[in-house]
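**Q** Starting from the structure of chain A, add chain B where the hints point.
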Amino acid sequence: MAYLPHTKEQEKAMLATIGVSSSEELFRDIPPELRLARPLALSPGLSEKTAWEQIGALAEKNRHTGRLISFLGAGAYEHYQPKAVKHILARSEFYTAYTPYQPEISQGTLQAVFEYQTMICELTGMDAANASLYDGATALAEAALMAAEATRRKVILVSPLLHPEYRQTLETYLHGRGIRIAEIPWEKGVTQPAEAEKLLNHEVAGVLLQNPNFLGSIEELAPFAQAAHKAGALLVVSVDPVSLGLLADPGQCGADIVVGEGQSMGLPLSLGGPYLGFMGVKEKYLRRMPGRIVGKTTDRLGREGFVLTLQAREQHIRREKASSNICSNEALCALSATVYLALLGPQGLREVGNQCLQKGHYAKKCLSTLPGVTVPFGCPSFTEFVVKTQEAPVLLNQRLLSGGILGGLDLGRFYPELKNHILLCVTEMRSKEEIDQLVRIWGEKA
Amino acid sequence: MKEQLIFTKSVAGRKEGYLPPLDIPEPQQVSLPDWARRKDTPRLPELTEMDVVRHYTRLSQLNYGVDSGFYPLGSCTMKYNPKINEDAANLPGFAQLHPYQPVETTQGALQLMAETQKALAEIAGMDAVTLQPAAGAHGELTGIMMIMAYHASRGDRRRTKVIVPDSSHGTNPATAALCGCEIVQIPSNPDGGVDLEALKKVAGMDTAALMLTNPSTLGLFENQISEIARIIHQAGALLYYDGANMNAIMGYARPGDMGFDVVHINLHKTFATPHGGGGPGSGPVGVKAFLEPFLPKPVVRYEMQDGRYILDDRRPLSIGKVKAFYGNFGVVVKAYTYLTVMGGDGLKAASEKAVLNANYLMSLLGRDYHVPFAGPCKHEFIVTPKNIKETGVHTMDVAKRLIDYGYHPPTIYFPLIVEEALMIEPTETESKETLDAFARALCKISREAKDDPGLLHEAPHNTPVSRMDETAAARKPVLRWVPYYE
Numbered sequence: 001m002a003y004l005p006h007t008k009e010q011e012k013a014m015l016a017t018i019g020v021s022s023s024e025e026l027f028r029d030i031p032p033e034l035r036l037a038r039p040l041a042l043s044p045g046l047s048e049k050t051a052w053e054q055i056g057a058l059a060e061k062n063r064h065t066g067r068l069i070s071f072l073g074a075g076a077y078e079h080y081q082p083k084a085v086k087h088i089l090a091r092s093e094f095y096t097a098y099t100p101y102q103p104e105i106s107q108g109t110l111q112a113v114f115e116y117q118t119m120i121c122e123l124t125g126m127d128a129a130n131a132s133l134y135d136g137a138t139a140l141a142e143a144a145l146m147a148a149e150a151t152r153r154k155v156i157l158v159s160p161l162l163h164p165e166y167r168q169t170l171e172t173y174l175h176g177r178g179i180r181i182a183e184i185p186w187e188k189g190v191t192q193p194a195e196a197e198k199l200l201n202h203e204v205a206g207v208l209l210q211n212p213n214f215l216g217s218i219e220e221l222a223p224f225a226q227a228a229h230k231a232g233a234l235l236v237v238s239v240d241p242v243s244l245g246l247l248a249d250p251g252q253c254g255a256d257i258v259v260g261e262g263q264s265m266g267l268p269l270s271l272g273g274p275y276l277g278f279m280g281v282k283e284k285y286l287r288r289m290p291g292r293i294v295g296k297t298t299d300r301l302g303r304e305g306f307v308l309t310l311q312a313r314e315q316h317i318r319r320e321k322a323s324s325n326i327c328s329n330e331a332l333c334a335l336s337a338t339v340y341l342a343l344l345g346p347q348g349l350r351e352v353g354n355q356c357l358q359k360g361h362y363a364k365k366c367l368s369t370l371p372g373v374t375v376p377f378g379c380p381s382f383t384e385f386v387v388k389t390q391e392a393p394v395l396l397n398q399r400l401l402s403g404g405i406l407g408g409l410d411l412g413r414f415y416p417e418l419k420n421h422i423l424l425c426v427t428e429m430r431s432k433e434e435i436d437q438l439v440r441i442w443g444e445k446a
Numbered sequence: 447m448k449e450q451l452i453f454t455k456s457v458a459g460r461k462e463g464y465l466p467p468l469d470i471p472e473p474q475q476v477s478l479p480d481w482a483r484r485k486d487t488p489r490l491p492e493l494t495e496m497d498v499v500r501h502y503t504r505l506s507q508l509n510y511g512v513d514s515g516f517y518p519l520g521s522c523t524m525k526y527n528p529k530i531n532e533d534a535a536n537l538p539g540f541a542q543l544h545p546y547q548p549v550e551t552t553q554g555a556l557q558l559m560a561e562t563q564k565a566l567a568e569i570a571g572m573d574a575v576t577l578q579p580a581a582g583a584h585g586e587l588t589g590i591m592m593i594m595a596y597h598a599s600r601g602d603r604r605r606t607k608v609i610v611p612d613s614s615h616g617t618n619p620a621t622a623a624l625c626g627c628e629i630v631q632i633p634s635n636p637d638g639g640v641d642l643e644a645l646k647k648v649a650g651m652d653t654a655a656l657m658l659t660n661p662s663t664l665g666l667f668e669n670q671i672s673e674i675a676r677i678i679h680q681a682g683a684l685l686y687y688d689g690a691n692m693n694a695i696m697g698y699a700r701p702g703d704m705g706f707d708v709v710h711i712n713l714h715k716t717f718a719t720p721h722g723g724g725g726p727g728s729g730p731v732g733v734k735a736f737l738e739p740f741l742p743k744p745v746v747r748y749e750m751q752d753g754r755y756i757l758d759d760r761r762p763l764s765i766g767k768v769k770a771f772y773g774n775f776g777v778v779v780k781a782y783t784y785l786t787v788m789g790g791d792g793l794k795a796a797s798e799k800a801v802l803n804a805n806y807l808m809s810l811l812g813r814d815y816h817v818p819f820a821g822p823c824k825h826e827f828i829v830t831p832k833n834i835k836e837t838g839v840h841t842m843d844v845a846k847r848l849i850d851y852g853y854h855p856p857t858i859y860f861p862l863i864v865e866e867a868l869m870i871e872p873t874e875t876e877s878k879e880t881l882d883a884f885a886r887a888l889c890k891i892s893r894e895a896k897d898d899p900g901l902l903h904e905a906p907h908n909t910p911v912s913r914m915d916e917t918a919a920a921r922k923p924v925l926r927w928v929p930y931y932e
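Chains as they are written, first to last, in the working numbering: chain A, 1 to 446; chain B, 447 to 932.
So here's chain B without its partners, still in its complex pose:
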């Protein structure tokens, strides 16, 4: 470890005081009954502010973010996170609002939410949007619950199966399972699209929904989408859009126009809010009008009668609440700020350049790596080291060697249907110079694979730790610090 655990730096009795002394006179103070009182002291560290600040500053230096360098993590849309977004969310007028304040004191916030809903509906081609889900997978959960509620409202309770392609994100089947559904997986065709014959075979009276990403996780636009929608709708089922790959199509095509009934959108991908080292995200869900009554409670909307924005809780068909309060509002503020700065034209330009960057980088890498699916790709693409297989070098080795060259590796070994996949999503905010340099590094790595494969097997070389023993970590889990004397 390059930095000791904070607990081992603790010195008994060291402290900072952040509060003024208690100003309630002693005679008026109370004490807790014995059964309610804590007997031991939690072993939190005892440090000065400087100790703490240095510790976490050093930890930050062991990390790599979009601000550190190129982060072409496929399906994650690691675009630049503009700084104005952070400052907007920190404005006291947004950050210091209590969720139960009377709505007349939060009209600006509710307006921001209503306008974000409207903008997202327009971008996705949907009729109504909820901002409540806290992340993409949470949006999926909300969406599938709404689909189930819709079927149930029609007395159609036989629909218990959710179809997912074998190239889908793992969250899709996991979500359907969480909703009590049975999962039916269908294969992809040789072009990476949905196998229509396989779909026709499984779509029927027991199908609740098909969950699909478009562009797919291979970065390819599913051009049979209208036919897929027809098959699904004819079977009486609904079509769910996993919006993880929305960054490819803004202003070019809309899931709503493709026949999707429900869409989730990842604000932390397409709308430039930061990933935070794993969260918080935000996963708004858009629906067609016939599903609007099922949206989670409450719904933010403008009430003409009162001339103000309200939080509408009286919704008898709603699936209920999917979390406390109204969603990750702070993240929504950041996305709203991004939408304001970008405008409609800016968003379309972002998608255009995201696709341009992906195709350009794919062209460059096609010289040294195997490209399993010919272009044009959309915002991301797959390459594999299949062409240098004889060197004994695997995708993992290539990814780890990229770290030595100062890059965050792409998504690896996903989608599962491509052997040894490197899934690369450059995003629109990266320059030609960055893409060129990245391609040169990968080219050099392919030569190293032939000349000195050991260099790759042992990579990375320049990091505080190298490859970790994950098997040992899982076999005998050490998940917390304990004092050595225990």
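One chain only, chain A, in its complex shape:
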């Protein structure tokens, strides 16, 4: 199969119209020494049926979370996606369209993005949001660049309890720009505002936090906002949007830029992507925001509609002076999140948040009763929490896996000081029975 429509006769007619005798002649402008003289060393094409069987077999080689009971989170979360979401996403008028450059035939995408921007603003307490960025990590990096540009300062203060991969991405993005990263000390599961205050000075562009942080603890944002603003710096917070039906919105706590990973809004885990970076900002920073933005306007007959707007920030207009180089974003993932939020509504989102909170705490409490297991941090947590074990996490997780359970993340991988600490995640997907099962198998040998 190759999805090619021409018959031999049609091809002949087309070549005649062009005025060449073979399609080979159309490649005569490629110098002979640059022509590939052999066929591509790839497998031959297959029928759809055979291809489907092969790909199905490859998928079967994986053990997926539909068949395992997962307690893994750490930046990628299993939440319930109402069935209707996938049906909307399967509308090919949405998924086979390009970026909505022609508003007259793109009002569907444009209006959906406008609704998405509104929902992100509502959740985060920000004034404006963009149409999406690649993921939570790059959204954070873009926010740090924005803070540096807005303040014309060259130091970024970072909580070590930001997702380690986000911090690594931040380093990569800031490396070529001469912006220095300094870490704020943490203690007892949370970042210390008093320590941030000590580090804040006239060189600091922004303070970057995550809430709930990578250890699952809820950070108290307001003191950071006060300290940052006193020093003329911005507060940037990376949030889990699913927590925001329940947890104080960062805008209310004084954040200037709110970013995060939207995957938790029911997007499939998909081995880490495609996910959804989102960004909301206070009005003051609106024109520094990277990425596409949709605005409302009217047509020449006065009818209301939507367009891509403020494009003077973007690469296709401004080239090297653009606020970012981003072009393609994660539009379909943003649509997925929009439909998810519309289906859940405010009560549904709060319910998801509350179930995460309660189940997380229930699991934490049950595990803490096991011999050799302790809960090192006493601060309030959301859907994730840390336990310390005597058993090596690798061995524990192997034991759990043979019982059909995907255990938590071995924190020693990212934090040498947290050897034998495990980060567990319990969302609304897990029943009490499954949590009890985790505790039972965990306790069998430990």
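Please note: incorrect hints may appear among the correct ones.
Said to hold, decoys possible - Derived BS3-like pairs: lysine-lysine, alpha-carbon spacing no greater than 30 Å straight-line: (1) A/LYS282 <-> A/LYS321; (2) B/LYS878 <-> A/LYS49; (3) B/LYS485 <-> A/LYS230; (4) A/LYS188 <-> A/LYS445; (5) A/LYS86 <-> A/LYS432; (6) A/LYS282 <-> B/LYS485; (7) B/LYS529 <-> A/LYS8; (8) A/LYS432 <-> A/LYS419; (9) A/LYS365 <-> B/LYS485; (10) B/LYS485 <-> A/LYS364; (11) A/LYS432 <-> A/LYS188.
Rather than coming from a laboratory, the hints here were simulated on the basis of the structure.
**A** Showing chain B alone in chain A's frame:
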């Protein structure tokens, strides 16, 4: 607005329940401290599932995709997106994998990634490929960062300039700027190729790289490429390939053989994954062997010793991470499926027909429009309404009138070096009948331009909204819904 905003349909108290009741007994439930708790309620809509489904179904009907009709958007390769690709990505064995699962439980996925890397390396003539970048521009960023890391590793820190032709995609200069580089723009020669003299003048000890698309954004193969590569390499700089136009050359020529050191590939263009209304895409980057140590972390590879695929994080020279986890895996699954179905022969046939379709359509349109660059073109070409200039009709008018005839307009006013450009990329999946009908529509539009130019100035006529006031939108931005009582 043809469809009200979803917020205005909300009815307080209306809801659906998707979850079973909380099964944690009440005595064991906890409450949050006051400072952590949200005080207000976010104004999300309150609706039934049917309300929501109808709303977004109607919105979809206001949209135009490849499945709706011909979409000849230049440089975007809007080819047909086979349905098997979507189903493959939705297989639970791929869609329900957590990125931190132990690798022994994701061997099928890692094998898929390793095989995709290998196939892309073969197609591009490169030695190693990373699948991490989430889009083409992200691939550019990754590629230029690697080039900078390579120069730095040799202690060569003077190289801060990136050269781009004036016909380049806007992402090229924007990427170089994001990497802290200075941009040097060089003019095109009258044939639309690189001006070699201008290049020789600027290429030097401070040049980090030249970023080039080949075929160029004019749809022309840059046949001086070997000389360009020689000039750039002699200056000690590297050559970067913007793979947006890869659909023209698969199986015919390879960037690696042309002298390119770094390549990015758009899976959402050449490899038939859908554009999603703007994303997600995927922008794998291929490199020559000497740049392999600089690839972003982790690298997916087969470990002979263990007899399994691994995610290799121990890479001291790596530029680091460019995003969380391992790239847009779901998009990679779709491209892998496409590669499996097409095979090497199928890909070459795709490029052949893409070029055939472009040349055929250019021949047809040459009768009624100005063709600034004679063929053969590659996968795309430029026409302009210069020959009907006296009618007062502009490219924008032609593009908008095409909408009335049921087509998505081509890319317009790009590349910037051609006045009033219409950049047309038909792709290989379109039939002769479609191309003929499209050419007839454009022919008719050129006659309308002479007979009734007002018809074009006011186009489109048959859409839910006509031309939008973009100036007003930018002057006083309305970027979100607010309740009327505010």
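**Q** With reference to the structure, classify each hint as holding or not holding.
**A** Comparing the hints with the structure gives:
1. A/LYS282 <-> A/LYS321: holds, 22 Å
2. B/LYS878 <-> A/LYS49: Holds, because 27 Å separates the two Cα atoms, which is no more than 30 Å.
3. B/LYS485 <-> A/LYS230: holds, 25 Å
4. A/LYS188 <-> A/LYS445: Holds, at about 29 Å.
5. A/LYS86 <-> A/LYS432: Roughly 27 Å separates the two Cα atoms, so the pair holds.
6. A/LYS282 <-> B/LYS485: holds, 20 Å
7. B/LYS529 <-> A/LYS8: Distance of about 26 Å is within 30 Å: holds.
8. A/LYS432 <-> A/LYS419: Status holds; Cα separation ~28 Å.
9. A/LYS365 <-> B/LYS485: OK: A/LYS365 and B/LYS485 at ~27 Å, within 30 Å.
10. B/LYS485 <-> A/LYS364: holds, 26 Å
11. A/LYS432 <-> A/LYS188: Cα-Cα ~28 Å, so holds.
Checked against the numbered hints above, the structure violates none of them.
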